[in-house]
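Hey, can you piece these two chains together into the complex? The hints should help.
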Amino acid sequence: AQSVSQHNHHVILSEAASLELGCNYSYGGTVNLFWYVQYPGQHLQLLLKYFSGDPLVKGIKGFEAEFIKSKFSFNLRKPSVQWSDTAEYFCAVIPEAGSYQLTFGKGTKLSVIP
Amino acid sequence: ETGVTQSPTHLIKTRGQQVTLRCSSQSGHNTVSWYQQALGQGPQFIFQYYREEENGRGNFPPRFSGLQFPNYSSELNVNALELDDSALYLCASSLLGNRWGYNEQFFGPGTRLTVL
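These protein sequence lines map, in sequence, to chains A and B. Using the working numbering, read the first sequence as starting at 10 and increasing by one per residue. Using the working numbering, read the second sequence as starting at 2 and increasing by one per residue.
If you are wondering where the hints come from, they were derived from the structure by calculation, not from laboratory data. Bear in mind that the values here come from a model prediction, so they are computed numbers and not experimental data. Just so you know, not all the hints are guaranteed correct.
[As the list claims (entries may be wrong)] Dumping the calculated SDA-like pairs for lysine to any residue here, alpha-carbon to alpha-carbon at most 20 Å:
1) A:K58 with B:L97
2) A:K118 with B:G41
3) A:K115 with B:Q45
4) A:K118 with B:Q42
5) A:K58 with B:Q45
6) B:K14 with B:L89
Bound-form chain B, shown alone (with noise of 0.2 Å):
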């Protein structure tokens, strides 16, 4: 059973760039949940994706998008970064029956985003 992967592990970027970053979930969940978790604070909840619908979102702009693939996998896409995008994305995934319903989240070592 394959875990679940994020690429990059680290990124560099300047403001007013764009990033993408991908989560390959952990197989045979279908859903993908994204978090944001800046340096001394918890994971914050940014959407998450349900059979490539979102299926919800946290209070992120809407320059923050992403994408769920016919095999699961997910993007983040990020426009316009800011300096307070600077963080750590964690991307987790589960197996839901249904979208309503919850079931453990797996996350990934994150992608570690720095904005200069």
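Here chain A stands alone, though its shape is the one from the complex (with noise of 0.2 Å):
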């Protein structure tokens, strides 16, 4: 069975700091790989998503994110952070074929002070 770690349980930044959150996942086949979001209070959302193509993908508020298949990683990136992107955040991965469970990592809380 696929399953997914994410390296970091807790990330302060200050603002303006860049920002790279691990994801490695284990599964031998092709994936579809997806990051999602939880503001505090908030429902959990899609933040991007990895499917086939150009292995750096971009999602929403500015953040991105690099597939590199001979490392199974799927990291999140985002140049300059902001008070606003205070969250947890979830690594996910799906194996491409017939399927339809999504396996999350533990997710990584990030702090940003202003």
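And the structure:
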């Protein structure tokens, strides 16, 4: 069964700092990859997704992620964080073929200090 | 367009009791997935319903069961509650062209279940 590892449990940054959140997955076949965000008091929402094509994908609010197949990684990045980016971020994977089950990592809590 | 809604918001039960959680899918969606999110963990897949039939199940015991209705709303039932069932239960809906497809899942706010 596939699994997802997120390296950081809690990240604290000052505004304007750059962000990189690590995500590694274990699955031998082709996968679809996602980053979800949960702002305080709000629903889980999709930040960005990778299905195929350009391994550098751009999402909402200036976030991007790079899929590196050889490293089984899908790290999330943002050049300059804002206080409003304070949230919990979840990486998730779904096998490409005939699947329905999103497997999530444990999440990384991001706190941005003004 | 109405989003995914869940009820109740919070629920407190005692060990051994049974609970039913409800989910209304987003307008036009035909698929509902349920997830359990324990404190400090990511959501874990329980099962999915596609056009009123179970379309896959995660590693949860049979006392976790579900239903999907003709209007595509859904229920999650948990029997013989255990302390470890305390968690946030999330519902997500999507529109699938067929049972093997995948499309973006839209999540509801969740139901917080506490088992004492």
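Now for the hints, and whether the structure bears them out:
| no. | hint | result |
| --- | --- | --- |
| 1 | A:K58 with B:L97 | 17 Å, holds |
| 2 | A:K118 with B:G41 | 10 Å, holds |
| 3 | A:K115 with B:Q45 | 10 Å, holds |
| 4 | A:K118 with B:Q42 | 11 Å, holds |
| 5 | A:K58 with B:Q45 | 19 Å, holds |
| 6 | B:K14 with B:L89 | 14 Å, holds |
Figure legend: structure checked against the earlier numbered hints; every hint is met.
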